[in-house]
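Asks: Work the whole structure out from these sequences, hints included.
Protein sequences appear in the order of chains B and G. Take the first sequence: its letters are residues 37 to 127, numbered as in the numbering used here. Take the second sequence: its letters are residues 1481 to 1609, numbered as in the numbering used here.
If you're looking for bench data, these hints aren't it; they were derived computationally from the structure. From the three backbone atoms N, C-alpha and C, an ideal C-beta is built for every residue, glycine too. Among the hints, a few may not be true.
[To be verified] No farther apart than 30 Å at their CA atoms in a straight line, the calculated lysine-lysine pairs in the DSSO-like style are these:
(1) G/1520 - B/123
(2) B/46 - B/123
(3) B/46 - G/1520
(4) B/96 - G/1545
(5) G/1545 - B/123
(6) G/1545 - G/1520
[Stated by the list, open to error] Stretch by stretch, here's where chain B covers chain G in the computed footprint (C-beta under 8 Å, at least three residues):
(7) 1482-1488
(8) 1548-1558
(9) 1561-1569
(10) 1576-1586
[Claimed, not checked] Derived list of chain B stretches under chain G, where covered just means 3 residues or more per stretch with a C-beta under 8 Å from a C-beta of chain G:
(11) 44-53
(12) 57-66
(13) 77-84
(14) 89-96
(15) 108-122
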Amino acid sequence: MEGFTDISMKLALGILIFTSGLIMYRLVRGPSIADRVTAFDVLTCVTIGVLSVFAIMSDKELYIDVIFTLSFVAFLGAIAFSFYLNKRKKK
Amino acid sequence: MTGLLLSVVLIYIGIAFILIAAIGIIRMPDVYTRMSAASKAVTFGTGFILLGVVVHFNDTMVLIKVAGIFIFLLFSISVAAHVIGLTAYRDQTEMSSLTFLDELEADVARHQAPEKVADPDKKVKETGV
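Replies: Set out below in structure tokens:
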């Protein structure tokens, strides 16, 4: 049963990395800057998924605290981006 | 053993939702629809993955932490999507040619009219006092 969890978690990790590749396409190509900010936001959520899978693979609860911090930082990042974009527009 | 299987299934459901969000980000026609697709599907997917983590660890402390993370994500993802959408609108990002309704247009036009910009707050204060 341990082997089953291990293999399925590795497969899940592979799918998540493929997903982040798809999102990276929009991050690089995105016509407007709002596209890039959105893609970045989603990329952070994919990272949360990767960290959850890591937590299960290594059986350590410490990763959950990392997820907590990461979600805070991601939110502040998105808000800061749009704050400065708004400022740039008013000039 | 059932818990092990259940956590794997929950995580795969979450990953499927995140994959759908990524496809939406690539395929949708303009910024606003992309943002809508991304924020909704990602919230759901992340929730399922976190639920899978709770089922795997089967521990009260983990449940409390994950519940905190999920409630925060529920607020932060939607607020961030709203703020980014408003920024995109103010930046006058192009909409898709399929768009047929723009409800924000009238509000923004009224707000940007030169003589009415300063007034609304003052009027509210004066009538309030």
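Asks: Now tell me, hint by hint, if it's right for this structure.
Replies: Each hint, compared with the structure:
1. Restraint check: the Cα-Cα separation between residue 1520 of chain G and residue 123 of chain B comes to about 27 Å, which is no more than 30 Å; the hinted pair holds.
2. With a CA separation close to 44 Å, the supplied pair residue 46 of chain B and residue 123 of chain B exceeds the 30 Å bound.
3. The hinted pair formed by residue 46 of chain B and residue 1520 of chain G meets the criterion: a straight-line CA distance of about 26 Å does not exceed 30 Å.
4. Straight-line distance between C-alpha atoms of residue 96 of chain B and residue 1545 of chain G comes to about 14 Å, which keeps the hinted pair within the 30 Å bound.
5. Proposed proximity of residue 1545 of chain G and residue 123 of chain B is contradicted: the alpha carbons are some 36 Å apart, above 30 Å.
6. Among the hinted pairs, residue 1545 of chain G with residue 1520 of chain G is consistent with the structure: their alpha-carbon atoms are about 22 Å apart, no more than 30 Å.
7. Given as covered by chain B, the segment 1482-1488 of chain G passes the check, having 3 residues with a CB less than 8 Å from a CB of that chain where 3 are the minimum.
8. Restraint check on the segment 1548-1558 of chain G versus chain B: 6 residues with Cβ-Cβ distances below 8 Å, three needed, restraint holds.
9. Evaluation of the coverage hint for the segment 1561-1569 of chain G: fulfilled, as 7 residues show C-beta separations to chain B shorter than 8 Å, against a requirement of three.
10. For the segment 1576-1586 of chain G, the stated coverage by chain B is violated: 0 residues have a C-beta nearer than 8 Å to a C-beta of that chain, whereas at least 3 were required.
11. As drawn, the segment 44-53 of chain B meets chain G at 5 residues by the rule of a beta-carbon pair under 8 Å; at three or more, the given contact holds.
12. Under the rule that three or more residues need a Cβ within less than 8 Å of chain G, the assignment of the segment 57-66 of chain B holds, with 4 such residues.
13. Counting residues of the segment 77-84 of chain B whose CB lies closer than 8 Å to any CB of chain G gives 5, so the stated coverage by that chain holds, three being the minimum.
14. Under a criterion of three residues with beta carbons nearer than 8 Å to beta carbons of chain G, the stated coverage of the segment 89-96 of chain B is upheld, 3 such residues being counted.
15. Residues of the segment 108-122 of chain B with a Cβ under 8 Å from some Cβ of chain G number 9, which satisfies the need for three, so the listed coverage holds.
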